[in-house]
Each structure stands twice: as structure tokens, then as C-alpha cells.
Amino acid sequence: MSIDITDLRGFYASPLGAVTRRFVGRSVDRFWGPLTGLRVLGLGYAPPYLSAIKGESERTLAFMPANQGVVNWPSTGASASALVDPLMMPLPDASIDRVLVVHALETVESPSELLHEIWRILTPGGRIILVAPNRRGLWARMDTTPFGYGQPYSRSQLKSLMRQTWFSPEGWAETLYVPPLSNRFLLQTAQAWERVGAGFSLPFAGLHIVEATKQLYHPGAVRAVRRSRRFSPVFAPAPAAPASRVTGLSLIPPGFEGVRQGPT
1 MSIDITDLRG
11 FYASPLGAVT
21 RRFVGRSVDR
31 FWGPLTGLRV
41 LGLGYAPPYL
51 SAIKGESERT
61 LAFMPANQGV
71 VNWPSTGASA
81 SALVDPLMMP
91 LPDASIDRVL
101 VVHALETVES
111 PSELLHEIWR
121 ILTPGGRIIL
131 VAPNRRGLWA
141 RMDTTPFGYG
151 QPYSRSQLKS
161 LMRQTWFSPE
171 GWAETLYVPP
181 LSNRFLLQTA
191 QAWERVGAGF
201 SLPFAGLHIV
211 EATKQLYHPG
221 AVRAVRRSRR
231 FSPVFAPAPA
241 APASRVTGLS
251 LIPPGFEGVR
261 QGPT
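Residue numbers (UniProt numbering): 1 to 264.
I should point out that these hints are in silico values taken from the structure, not numbers from a laboratory.
Hints are not guaranteed to be accurate.
[Stated by the list, open to error] Distance ranges between label pairs, derived from CB positions: (1) 88 <-> 4: 15 to 25 Å; (2) 9 <-> 181: 19 to 29 Å; (3) 198 <-> 154: 13 to 23 Å; (4) 33 <-> 191: 20 to 30 Å; (5) 196 <-> 144: 14 to 24 Å.
Every residue, glycine too, gets a C-beta built ideally from N, C-alpha and C.
Please put together the full structure from these sequences, using the hints given.
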């Protein structure tokens with residue numbers, strides 16, 4: 001189940017959405033660092049996180065799934081957003097250096113096909129950041145935020161999915177330990193929740209954030225070689241050829257040498 005673009009915009013315009021943008025954006029900055037001269041793609045609903053990096057990258061695009069809807073981004077200047085099928089993106093092979101996936105992995109019909117398509121458009125050594133709801137966290141259990149929709153993931157599930165789709169996980173982070181409630185006290189103490197949860201590695205964080213690198217040589221299918229059976233030849237004595245017309249050979253069987261033969 002996907003969430004509508006109107007609900008996504010409303011969430012990020014709220015105080016709880018501002019807390020989400022701050023904590024997730026901090027992890028993105030830590031993983032990627034400077035993006036000068038790089039081509040960046042945000043897939044899903046990534047404008048809240050792309051605005052901070054748009055100025056330093058060579059090109060920044062925002063692709064939004066067709067079943068979700070699209071908004072114009074950025075609000076000024078030429079539009080860099082597009083409504084696409086995430087499994088068939090209109091980009092050539094090896095054309096993007098960085099991909100940020102947020103509000104997409106948990107709602108797409110085939111996560112493996114999505115990651116294969118991202119692998120196709122990434123340059124050799126390109127990097128991806130996946131933001132996915134934590135199966136054990138409160139944010140995946142409550143539909144008061146966009147992360148309460150779709151399929152949540154455990155850390156082991158994300159690791160297995162990325163390795164199956166030719167990505168090598170490099171960095172992990174968990175964030176949003178604060179409960180997903182629009183309570184003033186909770187929002188004001190969100191930083192303290194984050195500090196305690198990360199410091200003690202508590203398992204109920206709201207989101208997994210994983211960074212991975214595109215593997216240049218993905219494993220190919222190995223076909224088992226079918227060995228044929230080897231038969232050893234068996235030599236059997238062949239019957240002797242008739243000697244009735246062979247000159248100089250006797251037709252008298254052994255033991256009948258004394259018997260007189262008649263005219264032939």
C-alpha cells in the first residue's frame with residue numbers, strides 16, 4: 001500500500017516531519033559527504049532531503065512513483081521532478097552517481113526489481129542510501145506517519161536483499177527513537193531520545209538507514225556440468241566367416257579326418 005503525495009507533503013510540513021527531516025538528513029550527510037560534481041537522484045519522496053544538497057551537486061533529480069503522485073520540485077527555477085515507473089526509469093545505464101531511496105522500498109511491489117533497476121543506472125562504484133521502516137520500531141506499527149504504510153524490514157532482511165541485488169552494504173544507522181506522536185514534549189526532547197537510543201543501541205528505532213556500493217562484477221549463475229557415464233569397451237569373439245569358398249581350407253571338422261568325403 002502506497003501513500004498519497006498530499007499526505008507526504010502534509011507530514012513534512014508538520015513539526016514531526018521537521019524532526020524526521022533533521023535526523024534522516026544528518027545521516028545522509030554523514031554517509032555521503034561532499035557531492036561536488038556528482039549526479040544525484042532521489043527516488044520515492046525525497047525533496048525534503050534533496051534541497052540541502054541541490055546546490056553542491058552537478059545535477060539533482062527527484063523521481064516519484066506513478067501510484068504516489070508527483071509535485072513540482074524545486075519550487076523556483078526549472079523543474080527537476082518527474083512521475084516515473086520505478087522499475088523502468090527513463091535513464092541510460094551508468095548515468096547516476098548517488099541514489100537516495102526514501103518512501104519507496106516499503107511500498108513497491110517488487111523490491112528486488114527496484115534495486116536491480118537502481119543498479120543499472122548507477123555508475124561503477126556508485127552508492128545508494130536506503131531509508132526503510134524498522135520492523136521492530138513504533139513508526140512501522142502506527143499509520144500516523146508515512147512510514148506506517150507498506151512493508152517494514154529488519155536489518156538482516158535488508159542485508160540479504162541488497163546482497164541478492166548486487167550491492168555491498170557499507171554503513172548502517174538507526175534513527176527516530178522518539179515515538180511518532182505530535183506531542184510538544186516528545187518533539188522538544190527528540191534529541192535526547194536519539195542520544196539515548198543510539199548510545200545504548202536500542203532495537204526500537206523507527207528507521208533503518210543503510211548505505212551500499214554497487215558491485216562492479218555481480219555473480220553469475222553457475223551451471224552444473226553434467227558428467228556423462230564412461231563405458232569401457234568389452235571385446236567379444238566374433239563368429240568365424242564361412243570357409244566353403246576359401247581355397248586351401250579343409251571343411252572336415254575335427255575328429256572326422258578318417259571319413260571319406262564324396263564328390264562335391
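Now the hints, each set against the structure:
The beta-carbon spacing between residue 88 and residue 4, approximately 22 Å, falls within the hinted interval of 15 to 25 Å. With their beta carbons about 20 Å apart, residue 9 and residue 181 fall inside the hinted range of 19 to 29 Å. Taken as a hint, the range 13 to 23 Å holds for the pair residue 198 and residue 154, whose Cβ atoms sit roughly 18 Å apart. At about 23 Å, the CB distance of residue 33 to residue 191 agrees with the hint of 20 to 30 Å.
For the hinted restraint 14 to 24 Å between residue 196 and residue 144, the CB-CB distance of approximately 22 Å keeps it satisfied.
In terms of the numbered hints stated before, the structure departs from none.
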